[in-house]
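Colleague: These protein sequences, in sequence, are chains A and B. Take 1 as the starting number for the first sequence in the working numbering and just add one per residue. Take 333 as the starting number for the second sequence in the working numbering and just add one per residue.
The set of hints was computed from the structure by calculation and includes no laboratory data. You may find that some hints are simply not true.
[Claimed, not checked] Coverage of chain A stretches by chain B, computed from C-beta distances (three or more under 8 Å per stretch; other residues unrestricted):
1. 262 to 271
2. 282 to 289
[Stated by the list, open to error] With a cut-off of at most 30 Å between alpha-carbon atoms, the simulated DSBU-like pairs for lysine-lysine come out as follows:
3. Lys42(A) - Lys25(A)
4. Lys51(A) - Lys223(A)
5. Lys42(A) - Lys123(A)
6. Lys51(A) - Lys306(A)
7. Lys223(A) - Lys123(A)
8. Lys463(B) - Lys175(A)
9. Lys460(B) - Lys175(A)
10. Lys535(B) - Lys324(A)
11. Lys324(A) - Lys223(A)
12. Lys328(A) - Lys470(B)
13. Lys223(A) - Lys298(A)
14. Lys396(B) - Lys460(B)
15. Lys51(A) - Lys298(A)
16. Lys306(A) - Lys324(A)
17. Lys460(B) - Lys470(B)
18. Lys470(B) - Lys324(A)
19. Lys306(A) - Lys470(B)
20. Lys51(A) - Lys25(A)
[Said to hold, decoys possible] Which bits of chain A does chain B cover? Going by a derived footprint, with three or more residues having C-beta under 8 Å, they are:
21. 93 to 101
22. 192 to 206
Just so we're clear, the structure is a prediction, and the values are computed from it rather than from any experiment. Cβ coordinates follow ideal geometry from the N, Cα and C atoms, glycine included.
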Amino acid sequence: MYTTELKDKDQKAAAVSLADEDPEKLAAFEARVAADDFIEPKDWMPEAYRKTLVRQISQHAHSEIVGMLPEGNWITRAPNLRRKAILLAKVQDEGGHGLYLYAAAETLGTSREEMIDALHSGKAKYSTIFNYPTLTWADIGAIGWLVDGAAIMNQVPLQRTSYGPYARAMVRICKEESFHQRQGYEIMSVLAAGTAEQKRMAQDALNRWWWPSLMMFGPPDDKSPNTAQSVRWRIKRETNDELRQRFVDVTVPQAEAIGLRVPDPALTWNDERGSYDFGAIDWEEFYAVVRGEGPVAKERTQARVKAWEDGAWVREAAVAHASKRALKMAAE
Amino acid sequence: MADDVLFDHALRLGDDALVMGQRLSEWCGHAPMLEVDLALANIALDLLGQATHFLNLAGEIEGKGRDADALAFHRDVLDFRNCLLVEQPNGDFAQTIARQFLFSNWQELLMREIAAAPEPRLAAIGAKAVKEIAYHAKFASEWVVRLGDGTAESRTRMIAGLEWMWRFVDELFDPMDGAPSRRGEWDARINRTLTEAGLELPKPRRGAMGGRAGHHSEHLGHLLTEMQFLQRAYPGATW
Ligand SMILES: [Fe+2]
Ligand SMILES: [Fe+2]
Ligand SMILES: [Fe+2]
Numbered sequence: 001m002y003t004t005e006l007k008d009k010d011q012k013a014a015a016v017s018l019a020d021e022d023p024e025k026l027a028a029f030e031a032r033v034a035a036d037d038f039i040e041p042k043d044w045m046p047e048a049y050r051k052t053l054v055r056q057i058s059q060h061a062h063s064e065i066v067g068m069l070p071e072g073n074w075i076t077r078a079p080n081l082r083r084k085a086i087l088l089a090k091v092q093d094e095g096g097h098g099l100y101l102y103a104a105a106e107t108l109g110t111s112r113e114e115m116i117d118a119l120h121s122g123k124a125k126y127s128t129i130f131n132y133p134t135l136t137w138a139d140i141g142a143i144g145w146l147v148d149g150a151a152i153m154n155q156v157p158l159q160r161t162s163y164g165p166y167a168r169a170m171v172r173i174c175k176e177e178s179f180h181q182r183q184g185y186e187i188m189s190v191l192a193a194g195t196a197e198q199k200r201m202a203q204d205a206l207n208r209w210w211w212p213s214l215m216m217f218g219p220p221d222d223k224s225p226n227t228a229q230s231v232r233w234r235i236k237r238e239t240n241d242e243l244r245q246r247f248v249d250v251t252v253p254q255a256e257a258i259g260l261r262v263p264d265p266a267l268t269w270n271d272e273r274g275s276y277d278f279g280a281i282d283w284e285e286f287y288a289v290v291r292g293e294g295p296v297a298k299e300r301t302q303a304r305v306k307a308w309e310d311g312a313w314v315r316e317a318a319v320a321h322a323s324k325r326a327l328k329m330a331a332e
Numbered sequence: 333m334a335d336d337v338l339f340d341h342a343l344r345l346g347d348d349a350l351v352m353g354q355r356l357s358e359w360c361g362h363a364p365m366l367e368v369d370l371a372l373a374n375i376a377l378d379l380l381g382q383a384t385h386f387l388n389l390a391g392e393i394e395g396k397g398r399d400a401d402a403l404a405f406h407r408d409v410l411d412f413r414n415c416l417l418v419e420q421p422n423g424d425f426a427q428t429i430a431r432q433f434l435f436s437n438w439q440e441l442l443m444r445e446i447a448a449a450p451e452p453r454l455a456a457i458g459a460k461a462v463k464e465i466a467y468h469a470k471f472a473s474e475w476v477v478r479l480g481d482g483t484a485e486s487r488t489r490m491i492a493g494l495e496w497m498w499r500f501v502d503e504l505f506d507p508m509d510g511a512p513s514r515r516g517e518w519d520a521r522i523n524r525t526l527t528e529a530g531l532e533l534p535k536p537r538r539g540a541m542g543g544r545a546g547h548h549s550e551h552l553g554h555l556l557t558e559m560q561f562l563q564r565a566y567p568g569a570t571w
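For reference, chain A alone in the conformation it holds in the complex (with noise of 0.2 Å):
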């Protein structure tokens, strides 16, 4: 998941209009997301609620359709009959979640269309996770158990978000994110404890998506602005550094378990706050991938649009074909 507040240009626009809201709705608001409660489609929002929900929302569901190409890149060479079905079903369900999310969204006023649009022009963005290749099949394990697993980190809180549509579908989504995570997590326990060359893969695998992973939780705290916004309005539960030590924490010592290493020299238990402090990440890198500079990011927006306009015939068949039925029905 992916809700790592990726800016784009509407950012400053909505920030600027809170002021302009009715006080009184505004208070009112306030109070109810204060005591949890679900806002839901037709009740009052203020616009900067709206919006930072639809760019929320949205990126998570082109987070969703993005992030099965990484994955979908191993159906068709998965190793064996039961991995290939497990993995072309975890596919599946990413683009079930994407499904739900822009459903969500949806609610919100902004049709599945006009995200799709702004996602292939490059105005939307998408988590940054997913503009890196999958070069051995230890990735379909790596991307399963930790970021599957950083989704799950992330979205868990979300369950209990304010805008219900968005908490719903969180629930459903929650669930698969967690099968996927043991599966993926399995897939690696497996190499590791496999053939030379399968360690290596997996231990690759590691070395090169646990920064990636950890940078999912988005801009430290200090460097998020929208943070402390967001937290009030109930959109976050939990911010990004409190989330990404929660991962660490979790996540060191499932390697551990393996034999695998956590490629960082910093990484030590620190007894006093118990949990891991570990060592710096290369924010320039994240900030780089933000920017659409990550190492697959072409490839990636290139099959997204390529599908698209290969499927724009097909599509614009199905309307003429329901349109031409329903002129049938009403002269019968």
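For chain A, the structure is supplied; the task is to place chain B with the ligands on it using the hints.
Modeller: Structure of chain B with the ligands alone, referenced to chain A:
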């Protein structure tokens, strides 16, 4: 049924489902719309499940310790027994739908017989599969109608897709399966849908045959190269 005949029969059923499922899985993440992406993945998953059951059964009958994975990942072209239709490339969406339409309508009729056959292990797999395949045939037939009736472009593409696939139809009714009896009902189904779609039956032509004897099109070798890569590159590893 003698064991070698039964082995060959299960292998044909398994290979059809495996190769068709592998082809469909190539669409995942690239379909014309999200709903279709999910539907194609569903069909592929059903087929992979059928393949696993039929190939495990084939291995069991053979009694040489081969399971579904051994059969799927460690045979070369000459030993695959699928029909030529299922190994044909996806092409555009209309070509994929044409292939699915011709195949699923045939596979449904075949599986009904298998579900009622005296061999209990085959029948058990067939009984479950027949429900899945009925949905596949419905999905593909509905799309044939949409594309045939939709726009000038979709109609042209649907005709081209059927043209591409039509030469592989006769092989489906190879007497080896005791199958010619299914032809009449299949023709009637295909005709009904094509009429609804405003399309004509492609002109008869000489059928391409050979899949059941291991003589395939050029496409299968590439499909297997991709599918079998890890098993071939890392012999003996467990995944
Ligand atoms: Fe997600
Ligand atoms: Fe997901
Ligand atoms: Fe997932």
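Colleague: None of the hints should be skipped; say for each whether it holds.
Modeller: Hint check results:
{"no.": "1", "hint": "262 to 271", "result": "violated (count 0)"}
{"no.": "2", "hint": "282 to 289", "result": "violated (count 0)"}
{"no.": "3", "hint": "Lys42(A) - Lys25(A)", "result": "holds, 14 Å"}
{"no.": "4", "hint": "Lys51(A) - Lys223(A)", "result": "holds, 21 Å"}
{"no.": "5", "hint": "Lys42(A) - Lys123(A)", "result": "holds, 27 Å"}
{"no.": "6", "hint": "Lys51(A) - Lys306(A)", "result": "holds, 28 Å"}
{"no.": "7", "hint": "Lys223(A) - Lys123(A)", "result": "holds, 21 Å"}
{"no.": "8", "hint": "Lys463(B) - Lys175(A)", "result": "holds, 28 Å"}
{"no.": "9", "hint": "Lys460(B) - Lys175(A)", "result": "holds, 27 Å"}
{"no.": "10", "hint": "Lys535(B) - Lys324(A)", "result": "holds, 28 Å"}
{"no.": "11", "hint": "Lys324(A) - Lys223(A)", "result": "violated, 54 Å"}
{"no.": "12", "hint": "Lys328(A) - Lys470(B)", "result": "holds, 22 Å"}
{"no.": "13", "hint": "Lys223(A) - Lys298(A)", "result": "holds, 27 Å"}
{"no.": "14", "hint": "Lys396(B) - Lys460(B)", "result": "holds, 27 Å"}
{"no.": "15", "hint": "Lys51(A) - Lys298(A)", "result": "holds, 27 Å"}
{"no.": "16", "hint": "Lys306(A) - Lys324(A)", "result": "holds, 28 Å"}
{"no.": "17", "hint": "Lys460(B) - Lys470(B)", "result": "holds, 17 Å"}
{"no.": "18", "hint": "Lys470(B) - Lys324(A)", "result": "holds, 20 Å"}
{"no.": "19", "hint": "Lys306(A) - Lys470(B)", "result": "holds, 28 Å"}
{"no.": "20", "hint": "Lys51(A) - Lys25(A)", "result": "holds, 17 Å"}
{"no.": "21", "hint": "93 to 101", "result": "holds (count 4)"}
{"no.": "22", "hint": "192 to 206", "result": "holds (count 4)"}
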